[in-house]
Amino acid sequence: MLISAADLHVRGTESIINGIEQAVSVLMKMGYKAIALSIDLSSVDAELSSKLKVLKRISRSEKRISILYRVNVMGDDLKRVRDLLSKLGKCRTRHYIVGVRPLSKSVARNVVRDRRVSIVYFDPLHLLKFFDESQATLMRDNNVVLEIPFHMFVLNNVLELSIRALSKALRICLKKDCTIIVTSYASSIFELRSPYQLASLLSVVGVPLEMCLPFVSSRPMKIAEEKLGG
Amino acid sequence: MVDLGDWGELGGIEAWILTVSITAVLLVIIVGAFLGVLDLSFTIILTSITLLLFLDIIILYRKLSLHRELIRSMIISKKMGVSTEYLLKPRKRYLIFELLGYKGVDAKRIEREFKEKLSLLSGSIGVGLSGLKVVYYDARNGLGIIRFYHLYKKLVLLSLSLIRRIDGNDVVVIPIKTTGTLRKAREILKKRVD
Numbered sequence: 070m071l072i073s074a075a076d077l078h079v080r081g082t083e084s085i086i087n088g089i090e091q092a093v094s095v096l097m098k099m100g101y102k103a104i105a106l107s108i109d110l111s112s113v114d115a116e117l118s119s120k121l122k123v124l125k126r127i128s129r130s131e132k133r134i135s136i137l138y139r140v141n142v143m144g145d146d147l148k149r150v151r152d153l154l155s156k157l158g159k160c161r162t163r164h165y166i167v168g169v170r171p172l173s174k175s176v177a178r179n180v181v182r183d184r185r186v187s188i189v190y191f192d193p194l195h196l197l198k199f200f201d202e203s204q205a206t207l208m209r210d211n212n213v214v215l216e217i218p219f220h221m222f223v224l225n226n227v228l229e230l231s232i233r234a235l236s237k238a239l240r241i242c243l244k245k246d247c248t249i250i251v252t253s254y255a256s257s258i259f260e261l262r263s264p265y266q267l268a269s270l271l272s273v274v275g276v277p278l279e280m281c282l283p284f285v286s287s288r289p290m291k292i293a294e295e296k297l298g299g
Numbered sequence: 002m003v004d005l006g007d008w009g010e011l012g013g014i015e016a017w018i019l020t021v022s023i024t025a026v027l028l029v030i031i032v033g034a035f036l037g038v039l040d041l042s043f044t045i046i047l048t049s050i051t052l053l054l055f056l057d058i059i060i061l062y063r064k065l066s067l068h069r070e071l072i073r074s075m076i077i078s079k080k081m082g083v084s085t086e087y088l089l090k091p092r093k094r095y096l097i098f099e100l101l102g103y104k105g106v107d108a109k110r111i112e113r114e115f116k117e118k119l120s121l122l123s124g125s126i127g128v129g130l131s132g133l134k135v136v137y138y139d140a141r142n143g144l145g146i147i148r149f150y151h152l153y154k155k156l157v158l159l160s161l162s163l164i165r166r167i168d169g170n171d172v173v174v175i176p177i178k179t180t181g182t183l184r185k186a187r188e189i190l191k192k193r194v195d
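Those protein sequences? They're chains A and B, same order as listed.
If you read the first sequence in the numbering used here, its first letter stands for residue 70, the second for the next number, and so on.
If you read the second sequence in the numbering used here, its first letter stands for residue 2, the second for the next number, and so on.
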């Protein structure tokens, strides 16, 4: 039975930020206990601290659900990604998750060794190309989680590719005991999905639905609790 | 081998036992009638009853052998590590859902949208086999019930999450609870409305 679920990737778009009250009530109706609002980081600019302040204010004001915030770093150049991560340290707080979307194999391999990085996520094509057994072993050893962003995988034009990539990734994760979580990657209220719907994405590639539920409940909750507690 | 038409074939010792026993009973009845022990009309009735009885035995035998085949294939599948779920009889499931956003859609339109998304994942055959149907939809509260077979639960759940827009309006479909009976689903729905 599903006890409590966490969605660790709700994009902090204007639509979500402005309608946070409504979004929280929808998320509670779906059975979530914690969420993470994310901002994408392409360069450390002046806007970053103001964006983080907005997220921090929301996180403090909302009492019905635990809100964490998360910064996503994306890139294909290792030097640039490392630079971004080092500059992030300035605005690091306890409610803070760092997610990386590697666009090259070298970034994928090296970024998991960074202590600040908690989550790595790929789009379907890159998941198929970069996620192999050595990547899974590295992620397991460094306690980094593989994230499956739901809305990145269910677009009509990539659905077939997604199923293929997911099937491969799931097999590797189960073999190498690498932690996997599923998030909604919602950029509006209408893209939020219930834990069962998120779990069904992995269950269609062959894993029973009951086995997929920890990917949206206990595992993301553990990360959320670590961040909230620490 | 004895060909039984739609029921298939009976083979081996079972077919021989069946043939010999039918012949023996018929012989006893006919001889009895000729010797005057049995009345002619009584003989005809007795013969018909005997034939019907054997027909029943054959049907029962066919059913039992089908069951035996099923168990055998399940054992083989289990040994090979293949899921045996598909060999089971499909059972009906009722899913209570809530539509958020634009609620003023009719049940037929929602059903069409659900089927469209399901066909994206499993094709027309999957849609047909899933038995997907919107049983009930209340446009005022946005609550409804859909019916499908238990083998397609995960595909139905995923197809519901693929729905983003209906008639150009943004919507979210939230699955609330899956039940085994429509009565139970209606009870839950009623509680939710109250």
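The set of hints was computed from the structure by calculation and includes no laboratory data.
Please note: incorrect hints may appear among the correct ones.
Simulated crosslink set (BS3-like; lysine-lysine; CA at most 27 Å straight-line) [unchecked claim]:
| no. | chain 1 | residue 1 | chain 2 | residue 2 |
| --- | --- | --- | --- | --- |
| 1 | B | LYS178 | B | LYS134 |
| 2 | B | LYS104 | B | LYS64 |
| 3 | A | LYS98 | B | LYS93 |
| 4 | B | LYS191 | A | LYS102 |
| 5 | A | LYS132 | A | LYS156 |
| 6 | B | LYS154 | B | LYS109 |
| 7 | B | LYS64 | A | LYS98 |
| 8 | A | LYS291 | B | LYS109 |
| 9 | B | LYS191 | A | LYS98 |
| 10 | B | LYS154 | B | LYS90 |
| 11 | B | LYS154 | B | LYS185 |
| 12 | A | LYS98 | A | LYS125 |
| 13 | B | LYS134 | A | LYS98 |
| 14 | B | LYS104 | B | LYS90 |
| 15 | B | LYS154 | B | LYS191 |
| 16 | A | LYS125 | A | LYS198 |
| 17 | A | LYS244 | A | LYS198 |
| 18 | B | LYS178 | B | LYS191 |
| 19 | B | LYS104 | A | LYS98 |
| 20 | A | LYS102 | B | LYS178 |
| 21 | A | LYS156 | A | LYS120 |
| 22 | B | LYS178 | A | LYS98 |
| 23 | A | LYS98 | B | LYS185 |
| 24 | B | LYS192 | A | LYS102 |
| 25 | A | LYS122 | A | LYS156 |
| 26 | B | LYS109 | A | LYS98 |
| 27 | A | LYS148 | A | LYS198 |
| 28 | B | LYS109 | A | LYS102 |
| 29 | B | LYS109 | A | LYS156 |
| 30 | B | LYS109 | B | LYS64 |
| 31 | B | LYS134 | B | LYS64 |
| 32 | B | LYS116 | B | LYS185 |
| 33 | B | LYS104 | B | LYS154 |
| 34 | B | LYS134 | A | LYS237 |
| 35 | A | LYS132 | A | LYS148 |
| 36 | A | LYS98 | B | LYS90 |
Per the computed footprint, the stretches of chain A lying under chain B, defined by three or more beta-carbons under 8 Å from a beta-carbon of chain B, are [claimed, not checked]:
| no. | region |
| --- | --- |
| 37 | 117 to 128 |
| 38 | 219 to 225 |
| 39 | 256 to 265 |
| 40 | 282 to 291 |
Remember, it's a predicted structure, so these values are computed and weren't measured experimentally.
Idealized CB from N, CA, C, for every residue including glycine.
Results of checking the hints against the structure:
1. B:LYS178 with B:LYS134: At roughly 16 Å apart (the allowed maximum being 27 Å), LYS134 of chain B and LYS178 of chain B satisfy the hint.
2. B:LYS104 with B:LYS64: It is violated: about 48 Å lies between the C-alpha atoms, which goes past 27 Å.
3. A:LYS98 with B:LYS93: Given that 27 Å is the threshold and the Cα spacing comes to 26 Å, the pair holds.
4. B:LYS191 with A:LYS102: Status holds; Cα separation ~26 Å.
5. A:LYS132 with A:LYS156: Cα-Cα ~31 Å, so violated.
6. B:LYS154 with B:LYS109: 20 Å, holds
7. B:LYS64 with A:LYS98: Outside the cut-off at roughly 48 Å; violated.
8. A:LYS291 with B:LYS109: 42 Å, violated
9. B:LYS191 with A:LYS98: 17 Å, holds
10. B:LYS154 with B:LYS90: With a Cα-Cα distance of about 14 Å, the restraint between LYS154 of chain B and LYS90 of chain B holds, given a limit of 27 Å.
11. B:LYS154 with B:LYS185: Satisfied, since the Cα-Cα distance of roughly 18 Å is no more than 27 Å.
12. A:LYS98 with A:LYS125: Roughly 23 Å separates the two Cα atoms, so the pair holds.
13. B:LYS134 with A:LYS98: 24 Å, holds
14. B:LYS104 with B:LYS90: Distance of about 35 Å is beyond 27 Å: violated.
15. B:LYS154 with B:LYS191: 23 Å, holds
16. A:LYS125 with A:LYS198: 36 Å, violated
17. A:LYS244 with A:LYS198: Since the Cα atoms of LYS244 of chain A and LYS198 of chain A sit roughly 18 Å apart, the hinted pair holds (cutoff 27 Å).
18. B:LYS178 with B:LYS191: 13 Å, holds
19. B:LYS104 with A:LYS98: 17 Å, holds
20. A:LYS102 with B:LYS178: Judged against 27 Å, a Cα distance of about 18 Å means the pair holds.
21. A:LYS156 with A:LYS120: Holds, at about 15 Å.
22. B:LYS178 with A:LYS98: This hinted pair holds, its Cα atoms lying about 12 Å apart.
23. A:LYS98 with B:LYS185: 21 Å, holds
24. B:LYS192 with A:LYS102: Satisfied, since the Cα-Cα distance of roughly 23 Å is no more than 27 Å.
25. A:LYS122 with A:LYS156: Holds, at roughly 17 Å.
26. B:LYS109 with A:LYS98: Holds. LYS109 of chain B to LYS98 of chain A sits at ~26 Å (cutoff 27 Å).
27. A:LYS148 with A:LYS198: Holds, at roughly 21 Å.
28. B:LYS109 with A:LYS102: Cα-Cα ~35 Å, so violated.
29. B:LYS109 with A:LYS156: Given that 27 Å is the threshold and the Cα spacing comes to 54 Å, the pair is violated.
30. B:LYS109 with B:LYS64: 39 Å, violated
31. B:LYS134 with B:LYS64: 31 Å, violated
32. B:LYS116 with B:LYS185: 24 Å, holds
33. B:LYS104 with B:LYS154: OK: LYS104 of chain B and LYS154 of chain B at ~24 Å, within 27 Å.
34. B:LYS134 with A:LYS237: Not OK: LYS134 of chain B and LYS237 of chain A at ~33 Å, beyond 27 Å, violated.
35. A:LYS132 with A:LYS148: Since the Cα atoms of LYS132 of chain A and LYS148 of chain A sit roughly 39 Å apart, the hinted pair is violated (cutoff 27 Å).
36. A:LYS98 with B:LYS90: The hint is violated at about 34 Å.
37. 117 to 128: violated (count 0)
38. 219 to 225: holds (count 3)
39. 256 to 265: holds (count 8)
40. 282 to 291: violated (count 0)
The structure is inconsistent with the numbered hints 2, 5, 7, 8, 14, 16, 28, 29, 30, 31, 34, 35, 36, 37 and 40, although it conforms to all the rest.
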